[in-house]
Amino acid sequence: MKKLLFLLFISFVAKAQSVQGTLINSETKEPIPYATVKIDEIKKSILSKSNGTFLFDEELKESTLIEIEAWGFEKKQITLSDLKKNKILELTESVEMLPELIIPPANAKISFKDYGRTNEGSGFMKAQSQTYRKEDYDKGTEFGIIVSNKGLSELQSFHIHISENQAKKLILRLQFYEVKNGKPNNRINHEEILLSITDKDNGWLVLDLTEKNIFIDTDISKFAFTLKLVDAEFDSEYASLLFNTGVTINNQLVGKFSEYESWTKIPFSIPMYVKAKVYK
1 MKKLLFLLFI SFVAKAQSVQ GTLINSETKE PIPYATVKID EIKKSILSKS NGTFLFDEEL
61 KESTLIEIEA WGFEKKQITL SDLKKNKILE LTESVEMLPE LIIPPANAKI SFKDYGRTNE
121 GSGFMKAQSQ TYRKEDYDKG TEFGIIVSNK GLSELQSFHI HISENQAKKL ILRLQFYEVK
181 NGKPNNRINH EEILLSITDK DNGWLVLDLT EKNIFIDTDI SKFAFTLKLV DAEFDSEYAS
241 LLFNTGVTIN NQLVGKFSEY ESWTKIPFSI PMYVKAKVYK
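Numbering (our numbering), first residue to last: 1 to 280.
A few of these clues could be false.
Stated by the list, open to error - Listed next, the in silico DSSO-like pairs over lysine-lysine satisfying Cα-Cα at most 30 Å (straight line):
1. 256 with 75
2. 75 with 183
3. 43 with 85
4. 109 with 275
5. 275 with 212
6. 44 with 169
7. 200 with 134
8. 43 with 134
9. 85 with 183
As the list claims (entries may be wrong) - The following label-pair restraints were derived from C-beta to C-beta distances:
10. 92 with 119: 41 to 49 Å
11. 30 with 200: 27 to 35 Å
12. 26 with 109: 40 to 48 Å
13. 62 with 30: 28 to 36 Å
14. 205 with 108: 27 to 35 Å
15. 249 with 58: 39 to 47 Å
Hints in this document: simulated from the structure, not taken from any laboratory.
C-beta: ideal position from N, C-alpha, C; glycine also.
Produce the entire structure from the sequences given, and follow the hints as far as they go.
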């Protein structure tokens, strides 16, 4: 009986062991940070750390399939058993992910447009975009707004007004999407853009986009820009980003709590916009 209990204990401990790996660029051998690592079998996703490492602490079968997505790289799938044999995973750069080269007409009329909400608000109404939890902040939480495109738009800068950041530090990825059926759909190709926010940051924060070569083409009637949390430092178990909010039917918030959830529209706006040069 004692022998049986001992064997059962060993089996339980083996199942609880962590599974980890490191993602690197196959050409440069540099680590790949903030890649999405998904396991559809248990509907869970995490992000690789700034050094390319990732860690799952789940009860998984040897045949469990792990899928890896990193912007600018080919998707990769690997079984748990193969990952255990080689924990260094190389990803190949994808030619299809290169930004489309768009040259504005030489004789185009140029105007400037602010897409989104430009006023910071009175502060009478405050709301949190998301509440982040220390133990699973990297599950794919994302929020942003949808706007109507006014022509061939070359994005110049991104602006967001923070009322309060309750985390020690947040790193968010700025992403742009085409909109289909009222929700973000296809991601627009552009290089990695990261926004770092500390607990001392409030008021307007600005990212310069003039060198990023991001165009919203004329055939895109609506587009979305979002922020996805990719890394964080916490002083407590929970933290929120607070904004001055307002009720609206335009420039509505959209968000999702994880990679496995659908986008949800929220009838509120936050002070968040992009400046663009519009060619007509």
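Outcome of range test on Cβ distance (residue 249, residue 58; 39 to 47 Å)
42 Å, holds
Verify the proposed pairing of residue 200 with residue 134, using a straight-line Cα cut of 30 Å.
The given pair, whose Cα atoms are some 19 Å apart, holds under the 30 Å limit.
Does residue 275 pair with residue 212 here, judged by a C-alpha cut-off of 30 Å?
13 Å, holds
Indicate whether the distance between the beta carbons of residue 62 and residue 30 respects the range 28 to 36 Å.
Given a distance of about 30 Å, which is inside 28 to 36 Å, the answer is holds.
Taking 27 to 35 Å as the stated bounds, is the beta-carbon spacing between residue 205 and residue 108 within them?
31 Å, holds
So if I understand the rule, the pair passes when the alpha-carbon distance is 30 Å or less; does residue 43 with residue 85 pass?
24 Å, holds
Straight-line alpha-carbon gap residue 75 to residue 183, limit 30 Å:
24 Å, holds
Is residue 85 close enough to residue 183, meaning Cα to Cα at most 30 Å?
Violated - the C-alpha atoms of residue 183 and residue 85 are around 40 Å apart, more than 30 Å.
Does the hinted range 41 to 49 Å hold for residue 92 and residue 119 at CB?
45 Å, holds
Take a quick look at whether residue 256 and residue 75 sit within 30 Å of each other, Cα to Cα.
OK: residue 256 and residue 75 at ~22 Å, within 30 Å.
Has the hinted range 27 to 35 Å been met by the Cβ atoms of residue 30 and residue 200?
With a Cβ separation near 30 Å, residue 30 and residue 200 satisfy 27 to 35 Å, so the hint holds.
For residue 44 and residue 169, compute the direct alpha-carbon distance and say whether it is at most 30 Å.
24 Å, holds
Checked against the numbered hints above, the structure breaks only hint 9 and satisfies the rest.
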